Amino acid sequence: MSRHTVVKGHSMSRIRSRARAFAAVALAAALAVGCSSGGSTAGPAAVTGTQDSVDAALKAGGSITYWSWTPSAKDQVAAFEKQYPNVKVNYVNAGTNKDEYTKLQNAIKAGSGAPDVAQIEYYALPQFALTDSLVDLNQYGFGSFEKDYSASTWAQVKSANGVYGLPQDSGPMALFYNKEVFDKNAIAVPKTWEEYIAAAKKLHAADPTKYITSDTGDPGFALSMIWQAGGHPIGVDGRNVKVNFADAGTKKWTAMWDQLIQGKLLAPVKEWSDDWFRALGDGTISSLVTGAWMPGNFISSVPGGSGKWAVAPMPTYDGQKAVTAENGGSTQSVLKQSKNPALAAAFVRWLNHDGGVQPFIKSGGFPSTTADLTSPAFVDQAVPYFGGQKINQVLTQASKDVAPGWTYLPYQTYANSVFSDTAGKAYLNGTGLDAGLAAWQQAIVDYGNQQGFTVSAG
Amino acid sequence: MAAVATKTLSVTRPRKSRTLTAVMALYLVYTLVPLAWLVINASKTQPALFSTSGLSFGGPFALFDNIAQTFTYNDGIFFRWLGNTLLYVVVGAGGATILATAAGYGLAKYRFPGRRAVFAIVLGAVAVPTTALAVPTFLMFSKLGLTNTPLSVIIPSLISPFGLYLIWVYAADAIPDELMEAARIDGAGELRIFFTVTLRQLAPGIVTVALFTMVQTWNNYFLPLIMLSEPKWYPLTVGLNQWSAQANGAGAQPIFNLVLTGSLLTIIPLVIAFLFMQRFWQSGLSAGSVKQ
Numbered sequence: 000m001s002r003h004t005v006v007k008g009h010s011m012s013r014i015r016s017r018a019r020a021f022a023a024v025a026l027a028a029a030l031a032v033g034c035s036s037g038g039s040t041a042g043p044a045a046v047t048g049t050q051d052s053v054d055a056a057l058k059a060g061g062s063i064t065y066w067s068w069t070p071s072a073k074d075q076v077a078a079f080e081k082q083y084p085n086v087k088v089n090y091v092n093a094g095t096n097k098d099e100y101t102k103l104q105n106a107i108k109a110g111s112g113a114p115d116v117a118q119i120e121y122y123a124l125p126q127f128a129l130t131d132s133l134v135d136l137n138q139y140g141f142g143s144f145e146k147d148y149s150a151s152t153w154a155q156v157k158s159a160n161g162v163y164g165l166p167q168d169s170g171p172m173a174l175f176y177n178k179e180v181f182d183k184n185a186i187a188v189p190k191t192w193e194e195y196i197a198a199a200k201k202l203h204a205a206d207p208t209k210y211i212t213s214d215t216g217d218p219g220f221a222l223s224m225i226w227q228a229g230g231h232p233i234g235v236d237g238r239n240v241k242v243n244f245a246d247a248g249t250k251k252w253t254a255m256w257d258q259l260i261q262g263k264l265l266a267p268v269k270e271w272s273d274d275w276f277r278a279l280g281d282g283t284i285s286s287l288v289t290g291a292w293m294p295g296n297f298i299s300s301v302p303g304g305s306g307k308w309a310v311a312p313m314p315t316y317d318g319q320k321a322v323t324a325e326n327g328g329s330t331q332s333v334l335k336q337s338k339n340p341a342l343a344a345a346f347v348r349w350l351n352h353d354g355g356v357q358p359f360i361k362s363g364g365f366p367s368t369t370a371d372l373t374s375p376a377f378v379d380q381a382v383p384y385f386g387g388q389k390i391n392q393v394l395t396q397a398s399k400d401v402a403p404g405w406t407y408l409p410y411q412t413y414a415n416s417v418f419s420d421t422a423g424k425a426y427l428n429g430t431g432l433d434a435g436l437a438a439w440q441q442a443i444v445d446y447g448n449q450q451g452f453t454v455s456a457g
Numbered sequence: 000m001a002a003v004a005t006k007t008l009s010v011t012r013p014r015k016s017r018t019l020t021a022v023m024a025l026y027l028v029y030t031l032v033p034l035a036w037l038v039i040n041a042s043k044t045q046p047a048l049f050s051t052s053g054l055s056f057g058g059p060f061a062l063f064d065n066i067a068q069t070f071t072y073n074d075g076i077f078f079r080w081l082g083n084t085l086l087y088v089v090v091g092a093g094g095a096t097i098l099a100t101a102a103g104y105g106l107a108k109y110r111f112p113g114r115r116a117v118f119a120i121v122l123g124a125v126a127v128p129t130t131a132l133a134v135p136t137f138l139m140f141s142k143l144g145l146t147n148t149p150l151s152v153i154i155p156s157l158i159s160p161f162g163l164y165l166i167w168v169y170a171a172d173a174i175p176d177e178l179m180e181a182a183r184i185d186g187a188g189e190l191r192i193f194f195t196v197t198l199r200q201l202a203p204g205i206v207t208v209a210l211f212t213m214v215q216t217w218n219n220y221f222l223p224l225i226m227l228s229e230p231k232w233y234p235l236t237v238g239l240n241q242w243s244a245q246a247n248g249a250g251a252q253p254i255f256n257l258v259l260t261g262s263l264l265t266i267i268p269l270v271i272a273f274l275f276m277q278r279f280w281q282s283g284l285s286a287g288s289v290k291q
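These protein sequence lines map, in sequence, to chains U and Y.
Each residue of the first sequence is one higher than the last, beginning at 0 in numbering that gives the first Met the number 0.
Each residue of the second sequence is one higher than the last, beginning at 0 in numbering that gives the first Met the number 0.
No lab work stands behind these hints, which were simulated from the structure alone.
Remember, predicted model here, so these are calculated numbers, not experimental data.
From the three backbone atoms N, C-alpha and C, an ideal C-beta is built for every residue, glycine too.
The reader is advised that the hints may include incorrect statements.
PhoX-like, lysine-lysine: derived pairs with alpha carbons at most 25 Å apart [what the hints assert, rightly or not]: (1) K73/U / K142/Y; (2) K81/U / K361/U; (3) K338/U / K142/Y; (4) K190/U / K251/U; (5) K231/Y / K97/U; (6) K81/U / K231/Y; (7) K263/U / K251/U; (8) K142/Y / K335/U; (9) K361/U / K389/U; (10) K338/U / K231/Y; (11) K87/U / K231/Y.
Covered by chain Y, according to a simulated footprint, are these stretches of chain U (three or more residues, beta-carbon under 8 Å) [to be verified]: (12) 91–100; (13) 269–280; (14) 318–331; (15) 340–351.
Let the sequences and hints guide you as you build the complete structure.
This is the structure we're talking about:
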């Protein structure tokens with residue numbers, strides 16, 4: 000196919016865009032299928048059952064396939080099989096996030112080949128729930144677990160029609176900052192975004208090699224920031240979708256973030272690249288506004304930052320009431336293709352409600368179970384990497400301060416894949432995020448209407 | 000003037016063009032810099048990778064340690080991927096070469112009805128990028144229940160319209176009809192002519208097609224990406240991409256040093272294949288250029 004080896008940069012990006020084009024095709028096909036069979040799935044036909052069938056399936060045993068890229072998955076599966084020797088879990092790492100979704104979408108479209116249980120991030124969940132690909136866990140009585148999870152995570156697995164997974168990790172946002180760099184340049188921890196921008200200017204002026212943070216145009220981050228600013232750009236009601244990236248909340252964020260982009264105060268470093276990990280370690284990037292799942296990444300992959308980083312609440316616009324948003328995080332869902340959905344549900348229950356939670360936390364994950372979010376052993380744990388700071392005090396508080404009422408698009412993975420083609424100019428040329436988001440919105444409206452949704456702007 | 004020119008220039012010492020030399024030198028740098036970058040960085044530990052400049056050595060020399068890690072990471076899955084790639088190359092590219100040789104020769108040397116139609120279809124197929132066919136192929140294979148099996152990668156690799164076309168053109172020129180006539184008069188059957196007389200004549204063409212299909216299958220990415228969902232069937236390309244994607248998001252496990260070392264190891268067999276087979280290739284390119 001390609002005569003270039005995969006290590007050449009431009010070849011990789013071409014491969015990505017091919018993969019993206021394919022993802023779009025597969026999704027289009029899947030949505031079309033979902034559309035034609037929509038008659039049977041419409042309406043709140045939520046059947047509420049009990050956990051009896053799940054317990055029975057667990058006793059009977061069997062084998063299931065589980066797709067996940069969580070680092071703890073292997074250990075969790077081993078622990079589960081030890082506890083239930085008559086259940087065999089075939090664990091497959093089918094790819095990280097969008098790679099896995101493409102495969103999942105293909106298998107759903109093809110009608111076979113999907114696993115029994117799959118890890119799906121919250122933002123991608125509506126897409127799979129909408130195409131009627133996931134089992135509503137209400138039928139096993141899992142709706143009663145609501146009280147066991149933080150409100151912000153439960154809201155993301157629950158929709159009008161059912162409960163489509165149990166939350167695993169959550170990512171309430173906080174401010175991670177390099178205390179050493181901040182102290183050296185006499186910068187106080189910013190409480191408001193205004194102070195954050197002032198800090199960005201001061202830092203970059205004092206040391207031109209240092210930047211407050213980096214952002215080369217990440218749709219997940221942009222949405223979380225809009226979420227925190229009180230924006231509600233997406234509204235979904237059945238197959239009717241409203242998109243408005245010009246509401247008051249969105250504009251609050253764009254006005255603020257444009258100052259960082261246009262002032263060239265952001266490090267020109269792509270997130271999750273080797274450069275980015277390097278920049279986090281040597282202070283080039285001196286703060287990150289991101290999800291509570293980040294500490295594990297710091298500890299395992301940014302050894303150079305040990306003892307230097309600290310955690311503070313996410314800055315706000317008015318400096319008054321604490322407010323934050325979710326960024327990232329995954330759920331485990333049961334696929335409709337599963338031949339043994341009750342056993343699959345049993346595994347999900349163990350994974351994210353019972354025995355699987357502790358191994359997950361131990362691997363550096365940030366839980367969504369209220370029992371753990373309030374347990375002193377978790378909350379008051381001093382973390383040496385962060386100079387002994389009890390970072391979970393800040394992070395668990397953040398999970399309580401998540402602004403309610405957020406919705407993702409029912410085709411968010413596609414939308415995210417075209418973010419850099421549309422809104423990307425705003426980051427690259429500093430032409431303004433409002434114009435960039437307007438272009439993104441147009442692409443979202445056009446695509447949605449082509450797929451049989453009724454999408455309106457504004 | 001003319002006398003000077005004939006004195007200094009000859010077939011073995013053609014005139015040197017500074018512009019062309021400069022362009023070639025630029026191209027050489029363009030091609031070699033990524034390779035140098037790869038070799039340099041494959042010798043670094045991950046922390047050194049994060050803390051030193053990309054185009055100079057730095058930190059402890061960890062190439063051999065990296066190689067050891069690459070082969071042992073995740074229960075030695077890299078070995079498995081290497082084996083898969085070899086399987087896809089040997090069966091897929093090998094099969095493609097055999098099919099292209101037989102078909103190309105047949106089309107070049109035998110007259111039969113429908114030959115022109117086949118010609119048109121093959122020429123058309125050369126123009127269609129395989130990427131465009133990947134999705135329909137996937138849907139077809141999933142109906143046959145072949146997705147997520149090695150066959151789903153091997154079967155599409157068996158077809159090489161370009162290779163067929165190449166052999167066709169080559170055979171038309173390289174094998175004189177008189178030679179086949181002579182063999183027939185001596186009583187040889189068509190199969191015997193193919194195996195004992197013409198196959199040898201075709202060798203340079205076959206090597207060329209083999210190299211092409213080998214490179215294509217070795218670097219095949221999109222097709223296996225779509226067809227396969229279990230890492231145990233991945234070829235190196237898709238596997239390395241999975242290692243690279245591991246650096247993303249919550250629970251990221253960046254192993255850039257292994258991705259780099261793995262990439263280096265991945266290209267070595269291809270380099271060897273080229274060095275080993277290029278002499279056949281050269282003789283192939285010159286064959287037919289001289290009237291015997």
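Structure-based check of each hint:
no.: 1; hint: K73/U / K142/Y; result: violated, 32 Å
no.: 2; hint: K81/U / K361/U; result: holds, 18 Å
no.: 3; hint: K338/U / K142/Y; result: holds, 19 Å
no.: 4; hint: K190/U / K251/U; result: holds, 16 Å
no.: 5; hint: K231/Y / K97/U; result: holds, 19 Å
no.: 6; hint: K81/U / K231/Y; result: holds, 24 Å
no.: 7; hint: K263/U / K251/U; result: holds, 19 Å
no.: 8; hint: K142/Y / K335/U; result: holds, 19 Å
no.: 9; hint: K361/U / K389/U; result: holds, 16 Å
no.: 10; hint: K338/U / K231/Y; result: holds, 23 Å
no.: 11; hint: K87/U / K231/Y; result: holds, 18 Å
no.: 12; hint: 91–100; result: holds (count 7)
no.: 13; hint: 269–280; result: holds (count 6)
no.: 14; hint: 318–331; result: holds (count 3)
no.: 15; hint: 340–351; result: violated (count 0)
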